[in-house]
Amino acid sequence: MTKSAKLLIAALMAIALFSFSDAALAADSWGLPDEEEVRFDAKVIDVLCVLSGDCPPDCGAGKRLLGLLKEDGELVLPIKNGGPFTGAVADLLPHCGETVTADGLFTINYGVKTFAVQFLRPAQGKWRRANGFVNEWAAMRGLEAKDKAARRWFRSDETILEIIGEQGKLGLKDKGIEP
Amino acid sequence: MRRSVKPIFYAFAAVLAVCLAVPSLAASAEQPRRVTVTGEVIDPWCYLSEIMWATGSAHHQCAVWCARGGIPVGILGDDEQVYIVLKVENDAGVIGHRGILRVQSNEVVVEGDLYERDSIKYLAIDTIIDDHGIVNYSHEEFDIQPFGE
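Chains as they are written, first to last, in the numbering used here: chain L, 107 to 285; chain F, 939 to 1087.
Residues of chain F placed beyond 10 Å of chain L at every Cβ, according to the derived structure:
#, residue
1, Arg972
2, Val1046
3, Glu1049
Dumping the calculated SDA-like pairs for lysine to any residue here, alpha-carbon to alpha-carbon at most 25 Å:
#, chain 1, residue 1, chain 2, residue 2
4, L, Lys275, F, Val1073
5, L, Lys149, F, Ser1057
6, L, Lys279, F, Gly1037
7, L, Lys275, F, Gly1034
8, F, Lys1059, L, Cys202
9, F, Lys1059, L, Cys161
10, L, Lys275, F, Pro1084
11, L, Lys279, F, Ile1038
12, L, Lys219, F, Pro970
13, L, Lys279, F, Ile1066
14, F, Lys1059, L, Phe146
15, L, Lys149, L, Gly159
16, L, Lys219, F, Leu1052
Because the hints were derived from the structure by calculation, they are not lab data. Glycine is no exception: its CB is placed at the ideal position from the N, C-alpha and C atoms.
Go ahead and model the full structure; you've got the sequences and the hints to work with.
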């Protein structure tokens, strides 16, 4: 086999591998109402900033609602990420003001369209699973995101334990009603 | 002659710059509407996705989990509209806000600015007029959502 043929095969294999990995990162269906698997480019923005002109320089440092502003002007609300009971702010904040490619699910119900982001790719960057909250939560406790305690973070989070401890699982402890 | 023209030119340039800048800023912001909303503080993800029963006491624990996990908080109004909360008492730090975690599932009466954009109603609350606590005892029908514990 000639050197040029070997190079061609290597290039084709690289393209195939890249294509496969890209396809493998396509959104999984969750069976949501009026669900649509989507991939789009958008700028990470502070929603309040876009709506009201109140714009801190850092998108609110993770405390404000973040959104995705598409080039056609549509403001998409990423209401959920790929983690259990977690939103997408931790995934989006590092890209505040930047354009990213988002992969996930649109869902429309009661006339409200929202977005569950499953994967993100920064400009010139690699695809990453949108699991930022659990990653950060685990790292702060010296855990790996794959650890059972991290995957079940909601059962051991200190703030949750404090509030559910006070209010009860039904929120009715003050009325003497508990499960 | 030149000396007298320069300041006028700079002043004109400055005025022109302001005139160009102000409309573009104003155009980028939406015009809100003052509203009073009565409704239940909800986790809008579980409600809109219908992955479980998502209102009242049955869903209280899950609503706390989701708010702590950074999912936006909403109010399901008496008008059956979902309002996504942008601010509470003028605090825009709503993600994981402890005060908001503590009022999950409560029925509240709030006043604020409503912005509507791309099918979503965003509410910047400046005043909590009333907090009735949890009035929707959905656990009597649905048990604890999810997992039953």
